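Numbering-wise (the working numbering), the sequence shown opens with residue 267 and increments by one.
Please note that a few of the clues may not be correct.
Simulated DEER-style distance windows between Cβ atoms [stated by the list, open to error]:
1. N388 - A317: 16 to 22 Å
2. G331 - L460: 35 to 41 Å
3. S369 - G331: 28 to 34 Å
4. V330 - S369: 28 to 34 Å
Think of the hints as simulated: they come from the structure by calculation, not from any bench.
A quick note: this is a predicted structure, and the numbers were derived from the prediction, not measured.
Ideal Cβ positions, reconstructed from N, Cα and C, are used throughout, including at glycine.
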Amino acid sequence: MVKYVRPGERSPETGTVVEEQRIKMLMLFLSLCIGMDLIVNIPSAFADSAAIREGIAARAELQVGCAYWSNVALSGSGPNTNKNNYFVHDIGVLAGAQMPEVSEGVPIEAGDGGWGTLSTLNYWKRVAVDSPERGDIVAAHYLDSGGIYHVGIYVSPDTMVSANAVDIAKGTWPFGTGNDEGDQIVIWRYCGELNCP
Numbered sequence: 267m268v269k270y271v272r273p274g275e276r277s278p279e280t281g282t283v284v285e286e287q288r289i290k291m292l293m294l295f296l297s298l299c300i301g302m303d304l305i306v307n308i309p310s311a312f313a314d315s316a317a318i319r320e321g322i323a324a325r326a327e328l329q330v331g332c333a334y335w336s337n338v339a340l341s342g343s344g345p346n347t348n349k350n351n352y353f354v355h356d357i358g359v360l361a362g363a364q365m366p367e368v369s370e371g372v373p374i375e376a377g378d379g380g381w382g383t384l385s386t387l388n389y390w391k392r393v394a395v396d397s398p399e400r401g402d403i404v405a406a407h408y409l410d411s412g413g414i415y416h417v418g419i420y421v422s423p424d425t426m427v428s429a430n431a432v433d434i435a436k437g438t439w440p441f442g443t444g445n446d447e448g449d450q451i452v453i454w455r456y457c458g459e460l461n462c463p
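Please construct the entire structure, taking both the sequences and the accompanying hints into account.
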């Protein structure tokens, strides 16, 4: 079951204010990653969705080279695990977006039951693969790699920012050469409404 809780709201499970401490810790780690103070202005629930998408892209680009979400890092789901879904989730939360979670602080997966396979997500809408915009979330299903899913943030024409084995990288995935025709790409755009138009 996918849940949506905005920073500062009370958790329906625990009744406590969600994310505040986690956001503070995340901001500390991120400021260490980029080597400067990180000033984060989390927009209100009524912030313009385009401004939030821009915030997602800008914050993602600041993390290029950071190892916080790498496979070997202790963050997210622990060492030796893929954390590209945690990267997307955490950056979205910091930008003020309603991010889908399976439980408090645990983001949906890149693939099964997540970004790559769901047909609807509250606050997000699927858009045509040929029209991504800055700040969109892109999930890809690589058929030639045994069905591996990956998720990242679209920042400019044919350019993504995503977590990999070593750090956060900016590149042409999944738009580069060498992709199979059967590879599936899904693009999500933040709309900021419970039921996107």
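Taking the hints in turn, this is what the structure says about them:
1. N388 - A317: 16 to 22 Å: Once the Cβ atoms are compared, 19 Å apart, the range 16 to 22 Å for A317 and N388 holds.
2. G331 - L460: 35 to 41 Å: Once the Cβ atoms are compared, 36 Å apart, the range 35 to 41 Å for L460 and G331 holds.
3. S369 - G331: 28 to 34 Å: Once the Cβ atoms are compared, 30 Å apart, the range 28 to 34 Å for G331 and S369 holds.
4. V330 - S369: 28 to 34 Å: 29 Å, holds
Going through the hint list in order, the structure satisfies each hint without exception.
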